[in-house]
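Residue strings, one per chain:
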Amino acid sequence: MSAASDLNIDHIANLARLALTPEEKTKFAAQLNDVLTNIEQLKKVDVTGVEPTAHGFPIFNVWADDVAQPGLPVEAALKNAPAQRNHMVVVPKVVE
Amino acid sequence: MSSELIYQPISQLADQLASKKVSSVELTQAIVARTKAVDPKVKAFNSFDEADALAQARASDERRAAGQARGPLDGIPIGIKDVISVEGQPLTASSKMLANFVSPYDATVTKKLKNAGAVCWGRLNLDEFAMGSSTENSAFHTTSNPYDLDRVPGGSSGGSAAAVAAGEAIATLGSDTGGSIRQPAALCNVVGLKPTYGLVSRYGLIAFASSLDQIGPFTRTVEDAAITLGAIAGYDPLDSTSFKTEIPDYLAELSKRKGPWKIGIPKEYFGEGLDPEVAAAVEKAVSYYEKLGCEIKNVSLPHTEYGVGVYYIIATAECSSNLGRYDGVRYGHRSKDAKDITELYFKSRAEGFGPEVKRRIILGTYVLSSGYYDAYYLRAQKVRTLIRQDFLNAYKEVDVILTPTAPTPAFKKGEKASNPLAMYLSDIYTIGVNLAGLPGLSIPCGFSKSGLPIGLQLIGQPFKEAELLSIAHTYDRAHDWATRHPNL
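Listed in order, the protein sequences are those of chains A and B.
First residue of the first sequence? That's 1 in the UniProt record's numbering, and the numbers climb one at a time after it.
First residue of the second sequence? That's 1 in the UniProt record's numbering, and the numbers climb one at a time after it.
These are calculated hints, taken from the structure and not from any lab test.
Where is the CB? At the ideal position from N, CA and C, for every residue including glycine.
Be aware that a few hints might be false.
[Unchecked claim] Which bits of chain A does chain B cover? Going by a derived footprint, with three or more residues having C-beta under 8 Å, they are:
#, region
1, 58-66
2, 74-83
[Said to hold, decoys possible] Here are a few chain B residues that sit away from chain A, every Cβ distance over 12 Å (derived from the structure):
#, residue
3, Phe101
4, Glu290
5, Asp327
[Stated by the list, open to error] Here are the simulated DSS-like cross-link-like pairs (lysine-lysine), alpha carbons at most 25 Å apart as the crow flies:
#, chain 1, residue 1, chain 2, residue 2
6, B, Lys284, A, Lys79
7, A, Lys27, B, Lys449
8, B, Lys449, B, Lys284
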């Protein structure tokens with residue numbers, strides 16, 4: 001397992017699309033080092049041949065009947081949009 | 001009259017409503033009045049809609065007058081954690097990100113409560129996006145423990161626990177990802193039930209860690225937990241992890257099962273870090289079961305010490321993925337000064353999320369990032385298998401496992417706020433239950449010398465809630481903790 005000090009907070013914040021202030025970076029890096037040091041204990045466990053568990057009770061092949069269902073009306077779906085026009089969500093220009 | 005009503009359990013209120021000694025409007029008015037009187041101190045609610053609640057109560061009374069009452073929950077005010085959708089009501093997750101969000105539909109549990117005739121009452125405070133163990137991480141305000149206003153109510157469903165404890169709701173719903181129902185229930189002298197993963201639909205619950213989250217009730221008594229669970233449990237095609245299983249009449253089952261049971265005591269839960277007063281109260285409860293003729297057996301859950309580490313890898317990994325949807329585009333907070341779409345993501349998320357949420361997104365993104373996935377996430381999932389196997393091995397010998405719910409009584413506000421690891425460790429006894437997907441329940445089992453509530457945790461076998469509730473009910477009805485209330 002990797003050392004806790006490997007945490008490159010700038011790289012991770014970029015992956016998470018999260019702008020952090022310099023103060024936040026310093027604070028989180030220190031706090032998460034403590035947490036990661038605790039997590040390092042997992043190295044001690046022998047997991048040879050152990051299957052991973054993603055869910056307590058996994059259910060496979062959950063299919064819905066192929067029948068059209070009414071969705072939310074456009075007005076209701078857009079009611080919480082920060083900006084909208086002509087039944088569409090407005091965002092800053094994406095393509096020049 | 002009103003003070004008599006607000007602290008009654010559902011089971012008694014249902015009789016009074018049925019015999020028309022009291023109306024739902026009178027009961028709801030009493031709850032509204034109590035909330036207005038004490039909530040400025042307790043701050044359990046983010047918002048409430050008095051007119052809407054009274055309209056639901058009037059509808060209940062009209063149904064009853066027409067001979068169409070729908071069962072024990074008809075007309076009972078039930079508060080809802082502000083992370084579960086109620087159509088037309090705010091849904092904030094106690095986050096600036098969703099400060100102005102209004103839910104366009106009902107969660108399945110909300111729909112089921114409404115179908116049972118319950119009065120959906122108010123939006124209850126929580127740690128932002130259900131991340132925390134004290135309700136100090138709410139972006140709006142910290143909820144106080146009704147038994148000591150300088151202390152936390154626990155978390156993340158602190159508002160839901162405090163509201164029942166303070167008489168501001170007859171019952172409430174919360175969500176439990178690592179102990180977020182059981183730990184605040186223990187700290188506030190109420191019953192909190194986390195059902196088996198998949199028993200209660202998560203449709204309409206704001207996702208935090210999808211493989212761990214489960215909705216459950218806070219009530220005054222185990223009987224009330226059985227009534228409420230009966231109303232919200234069941235298969236839901238809208239939740240692909242919902243489990244197809246028969247739902248028994250949990251209330252009727254309580255009186256059918258008399259024991260004696262085999263009760264397992266895991267030695268790993270009674271070691272370092274456990275407050276002596278909590279240990280003494282829990283041991284007294286063990287003696288009670290022993291006197292009842294139950295067989296008390298020592299069991300071992302050898303991977304317990306790794307639970308917190310596994311939890312904080314899996315929960316943060318899932319949270320970093322689930323919270324990717326908050327990008328300022330379709331709903332939620334949008335930064336006003338972003339000049340392009342990329343900056344819109346970065347700034348909206350920076351402005352909308354609070355520190356604990358950011359911390360967990362960073363940790364979750366890190367453990368999932370290239371080069372670290374096998375070392376952290378995959379290994380955590382494997383240790384999760386071992387933790388689950390520990391429980392299933394123990395159940396070959398016992399019917400139920402008994403532990404403390406939280407290592408200490410309610411701690412002071414601010415005491416652990418700057419030390420995430422210390423805060424994370426306050427869920428040490430509850431986390432394993434979520435990792436293994438089991439049902440767990442916290443019931444009041446005493447008070448510290450300084451008057452703070454102490455809770456006892458019973459951990460059941462998958463989908464055997466009827467058994468779990470019966471074992472808890474036996475203790476609950478023989479003790480009077482539920483009749484003690486805070487001085488407010």
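Structure-based check of all given hints:
Counting residues of the region 58-66 of chain A whose beta carbon lies closer than 8 Å to any beta carbon of chain B gives 3, which meets the minimum of three for the stated coverage. Only residues whose C-beta sits within less than 8 Å of a C-beta in chain B count toward coverage, and the region 74-83 of chain A has 7 of them, enough to reach three; the restraint holds. Non-interface call for Phe101 of chain B relative to chain A: violated, since the shortest CB-CB distance, roughly 5 Å, does not exceed 12 Å. With a cut of 12 Å on Cβ distances, Glu290 of chain B stays outside the contact zone with chain A, its closest approach being about 31 Å.
With a cut of 12 Å on Cβ distances, Asp327 of chain B falls inside the contact zone with chain A, its closest approach being about 7 Å. With a C-alpha separation of about 54 Å, the suggested pairing of Lys284 of chain B with Lys79 of chain A is violated against the 25 Å cut-off. Between the alpha carbons of Lys27 of chain A and Lys449 of chain B the distance comes to roughly 37 Å, so the proposed pair goes past 25 Å and is violated. Under the criterion of a C-alpha separation no larger than 25 Å, the hint pairing Lys449 of chain B with Lys284 of chain B is consistent with the structure, at around 15 Å.
Going down the numbered hints, you'll see the structure goes against 3, 5, 6, 7, while the others check out.
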